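Undergrad: Chains as they are written, first to last, in the working numbering: chain P, 1 to 304; chain H, 1 to 509.
It is worth saying that the hints were derived from the structure and are not from the lab.
Please read these numbers as outputs of a predicted model, since none were measured by experiment.
For glycine and all other residues, C-beta sits at the position ideal for the given N, C-alpha and C.
Please note that a few of the clues may not be correct.
Straight-line Cα separation of at most 25 Å, SDA-like style, residue types lysine to any residue; simulated pairs [to be verified]:
| hint | chain 1 | residue 1 | chain 2 | residue 2 |
| --- | --- | --- | --- | --- |
| 1 | H | LYS416 | P | TYR193 |
| 2 | P | LYS25 | P | MET9 |
| 3 | P | LYS258 | H | LYS211 |
| 4 | P | LYS168 | H | GLU423 |
| 5 | H | LYS211 | P | ARG174 |
Sample of chain H residues facing chain P (criterion: CB under 10 Å; computed from the structure) [claimed, not checked]:
| hint | residue |
| --- | --- |
| 6 | PRO84 |
| 7 | ASN168 |
| 8 | LYS211 |
| 9 | ASN213 |
| 10 | GLU216 |
| 11 | ILE300 |
| 12 | LYS303 |
| 13 | LEU304 |
| 14 | ILE308 |
| 15 | LEU378 |
| 16 | TYR386 |
| 17 | GLU388 |
| 18 | LEU393 |
| 19 | ARG424 |
| 20 | SER426 |
| 21 | GLY445 |
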Amino acid sequence: MKAKIIICMKDEKYLRSLEKFIVSKVKDCECTGVLEIKELSGLDLSSYTLMIVSSLLSEGVWLKALPVIRKVQNFILLGVNEGPEVTDAIALKYGAAAFFKLPLNSDSLLNAVNDIIERAERKAKVPDIITKDFIDSITDFFTNMDSMNYYQLFGIERTCSVADMKKKYISVARKFHPDKFRNVPAEIKTMVYEITKRANEAYSVLSHPNRKVIYDKMLTENPDIKRFDFRNKVAYKENPEDAVQNDQARRFAVLAKKAMDGGDFRSAITQLKMAMSMEKNNSYLIKLMEEATQKVAPKPEKSE
Amino acid sequence: MSEYVLGIDLGTSTATVSIVKDGMATVIPIEGEEEGKIMPSVVSFLNEGKNILVGKKAKDRRHLNPINTIYSIKRIIGRKYSHPETIKYAKKFPYKVVGGKNDSVEIEIFGKRVTPQMISSLVLRKAKKAATDYLGFEVSDAVITVPANYNEAQRRATQDAGKLAGLNVLRIINEPTAAALAYGFGNNLNEKIAVFDFGGGTFDITVLEVKDNFFEVLSTAGDSFLGGDDIDAALVQFMVVDIEANYNISMDMNNEMMTILLAEAERIKISLSTQDKIKVMIKNMIPLGEKKYADYERIIDRKLFQEIISPIIQRTFDITANAIENAHVEKNQIDAVILVGGSTKIPYVQEKVTEFFGQPPYFGIETVLVISMGASILGHTLISGYSEAAPVLLDVIPLSVGVGTVGDYIEIIIEKNEPLPIERTSVFTNATDDQTAVRIEIFQGDARNKSESHLMGDLVLSDLRKAKRGELKIEVKFEVDTNGVLNISAVDLETGKIQKISLNILGLE
Numbered sequence: 001m002k003a004k005i006i007i008c009m010k011d012e013k014y015l016r017s018l019e020k021f022i023v024s025k026v027k028d029c030e031c032t033g034v035l036e037i038k039e040l041s042g043l044d045l046s047s048y049t050l051m052i053v054s055s056l057l058s059e060g061v062w063l064k065a066l067p068v069i070r071k072v073q074n075f076i077l078l079g080v081n082e083g084p085e086v087t088d089a090i091a092l093k094y095g096a097a098a099f100f101k102l103p104l105n106s107d108s109l110l111n112a113v114n115d116i117i118e119r120a121e122r123k124a125k126v127p128d129i130i131t132k133d134f135i136d137s138i139t140d141f142f143t144n145m146d147s148m149n150y151y152q153l154f155g156i157e158r159t160c161s162v163a164d165m166k167k168k169y170i171s172v173a174r175k176f177h178p179d180k181f182r183n184v185p186a187e188i189k190t191m192v193y194e195i196t197k198r199a200n201e202a203y204s205v206l207s208h209p210n211r212k213v214i215y216d217k218m219l220t221e222n223p224d225i226k227r228f229d230f231r232n233k234v235a236y237k238e239n240p241e242d243a244v245q246n247d248q249a250r251r252f253a254v255l256a257k258k259a260m261d262g263g264d265f266r267s268a269i270t271q272l273k274m275a276m277s278m279e280k281n282n283s284y285l286i287k288l289m290e291e292a293t294q295k296v297a298p299k300p301e302k303s304e
Numbered sequence: 001m002s003e004y005v006l007g008i009d010l011g012t013s014t015a016t017v018s019i020v021k022d023g024m025a026t027v028i029p030i031e032g033e034e035e036g037k038i039m040p041s042v043v044s045f046l047n048e049g050k051n052i053l054v055g056k057k058a059k060d061r062r063h064l065n066p067i068n069t070i071y072s073i074k075r076i077i078g079r080k081y082s083h084p085e086t087i088k089y090a091k092k093f094p095y096k097v098v099g100g101k102n103d104s105v106e107i108e109i110f111g112k113r114v115t116p117q118m119i120s121s122l123v124l125r126k127a128k129k130a131a132t133d134y135l136g137f138e139v140s141d142a143v144i145t146v147p148a149n150y151n152e153a154q155r156r157a158t159q160d161a162g163k164l165a166g167l168n169v170l171r172i173i174n175e176p177t178a179a180a181l182a183y184g185f186g187n188n189l190n191e192k193i194a195v196f197d198f199g200g201g202t203f204d205i206t207v208l209e210v211k212d213n214f215f216e217v218l219s220t221a222g223d224s225f226l227g228g229d230d231i232d233a234a235l236v237q238f239m240v241v242d243i244e245a246n247y248n249i250s251m252d253m254n255n256e257m258m259t260i261l262l263a264e265a266e267r268i269k270i271s272l273s274t275q276d277k278i279k280v281m282i283k284n285m286i287p288l289g290e291k292k293y294a295d296y297e298r299i300i301d302r303k304l305f306q307e308i309i310s311p312i313i314q315r316t317f318d319i320t321a322n323a324i325e326n327a328h329v330e331k332n333q334i335d336a337v338i339l340v341g342g343s344t345k346i347p348y349v350q351e352k353v354t355e356f357f358g359q360p361p362y363f364g365i366e367t368v369l370v371i372s373m374g375a376s377i378l379g380h381t382l383i384s385g386y387s388e389a390a391p392v393l394l395d396v397i398p399l400s401v402g403v404g405t406v407g408d409y410i411e412i413i414i415e416k417n418e419p420l421p422i423e424r425t426s427v428f429t430n431a432t433d434d435q436t437a438v439r440i441e442i443f444q445g446d447a448r449n450k451s452e453s454h455l456m457g458d459l460v461l462s463d464l465r466k467a468k469r470g471e472l473k474i475e476v477k478f479e480v481d482t483n484g485v486l487n488i489s490a491v492d493l494e495t496g497k498i499q500k501i502s503l504n505i506l507g508l509e
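Could you build the full structure based on these sequences and the hints that come with them?
TA: Dropping the structure here:
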């Protein structure tokens, strides 16, 4: 595969010499030099394009260029000592793969270029050991995992011991852990990542006594549900009283809170009783009620 | 070209870099540094900032140029400026710590502001350079280690420092886990191990189970403000109190004195690892008025030293007991205890470890080098092709993640010590009719109430679909990846459309 390198800088003389230099030193590459950032939009910026951009371009031009530059997989930023001050921090902000202050050291620039190309090639190459059969088995596991409960995922019975369950979990993690799939196409990476997340989820339920009891009960009652429900239904509330859903009850809750803030706990209790008649199990109301009740409760007398 | 990945231990006091060469984890020599390979994590700016020294040369300038010599940056990187511990260190450090955007921390040098990320990147850059010199070609891929208890902002800040240094950071890995890899990799172990990592700035304890190259972290706990620096500080405090009591004066501390006392404290600590007692001698330390000064002289023996540091050491064991409980193992089921970090060289610490675990620690590895070696082993695995036999590392999320709810309460979304990567979802709704945005506070830590917890930052769901209160159902996915870094996405459950969401982390610019 030929690497595509695009150089963009204002100084034409420097641009042409850098172009020549790159073509002579980097094997299998196409190198195009452009003087204006707007010329970039006419070029094919495929994912293996490497771009070298000089910060001779002003900050304003930079901002305009950003959408174009973001399409490029990797770019190297060259800084200058005059003009808009380009630092490592700016390079980082724009996602540069490397940064050099001009005048650049040609060796280190070449190293960076080669390094990035090599990385791109590595990404594109599927190691031989990952055979088509293996990829098929990954795809199968991934496609079927939503229709499997945690026991089916590990291929075990519900009566399986924790130690045996753990063995199965380890064998799944050993086979699919994302760390082992660094140099594979993105879709395989995504699949093994999702599989590992699901296996971790299954393990964290089946190895957790309380969760396992709830999960088993859930499976018995409704075998269609496959995953444990970790979800806490959190309704976000701007104000605490927004936790109260019923409009009327919420009005009483606001009144109760006002009364409490004013130190009138007896009135608050009355208001809360009314609010709770409409929303009995609301935790916010229960909490307020507890607070108010404590305040009005006669203090235990000190024994002499 | 064969493939290499740098394993970098970016420590509070020192940094080392390793690679796997011919199948062996090898520490890379760094010219002019301690023992030819251990680089102090110190950066000194000279000449209006035009010249920058990194490593031992910078450390040697600490007392000559205290305000422009940055050390222990790891204490404050990724911290919120308003955090009480940051404020404490800002006062203690001779260099100028100032607040930046988004409650971040910045350092002022020669009137210019730099971020802690930039300081760390200079240390990383030197590590990278050393590797380039050693190998003869440039290597950019790296695995960088962080304390296990590092939070979101600290992990992200470390990733950023790596990028700034021109590194391609393949992974952020927890220091104790790296140590365990270095200890257990390729040894066909079947053991439960505890890694007691007591470094310059942080303390971590991690309990792992290792079985045929499968490294499963059972639990981890720690304190990111507990380390050798605290021992130095305790010694300085002792000396000041000692002087004040004996001369009946009040010491007016300045930067220069502080730097001298800190250097002396470090010397005392290190000497007492091999000697039974040490004579402290600081010339012209004690002000007697009228520009006259007396020398400070004092014998400190191990017993006195132990008394001074005992409260600090005790804290490490409180945390350790907690981690062991969370791992659901008994102390006596631990097969090996591995010591990591400079502070474990203190004989008293080793005695206490032996006493606590009922067995002496394993002394077969180099406490200061083991972390970068472990990181290089993981790095090597990451770039090697697929192999069923390759080591697998199953780390856990060190701190619970929760969202703020009504009043002072926090609803935990992901509990700590769950295996990574992990994903949990939560459904949010609108509180008023036609609400356009929802802001959700995110917290990290064990506390269930906001006032005691660490506010990580906030999530903003914006451009909400118009709907009556309570009708919108937005499912937010919280995913923590293998780096321990949080990723967020959201979907409108009714329309199935992706919902716009943004995550702002406090302490990062």
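Undergrad: Compare the structure with each hint and give your call.
TA: Now for the hints, and whether the structure bears them out:
no. : hint                   : result
1   : LYS416(H) to TYR193(P) : 20 Å, holds
2   : LYS25(P) to MET9(P)    : 20 Å, holds
3   : LYS258(P) to LYS211(H) : 61 Å, violated
4   : LYS168(P) to GLU423(H) : 21 Å, holds
5   : LYS211(H) to ARG174(P) : 12 Å, holds
6   : PRO84                  : 27 Å, violated
7   : ASN168                 : 7 Å, holds
8   : LYS211                 : 7 Å, holds
9   : ASN213                 : 9 Å, holds
10  : GLU216                 : 8 Å, holds
11  : ILE300                 : 44 Å, violated
12  : LYS303                 : 46 Å, violated
13  : LEU304                 : 46 Å, violated
14  : ILE308                 : 41 Å, violated
15  : LEU378                 : 8 Å, holds
16  : TYR386                 : 5 Å, holds
17  : GLU388                 : 6 Å, holds
18  : LEU393                 : 7 Å, holds
19  : ARG424                 : 5 Å, holds
20  : SER426                 : 6 Å, holds
21  : GLY445                 : 17 Å, violated
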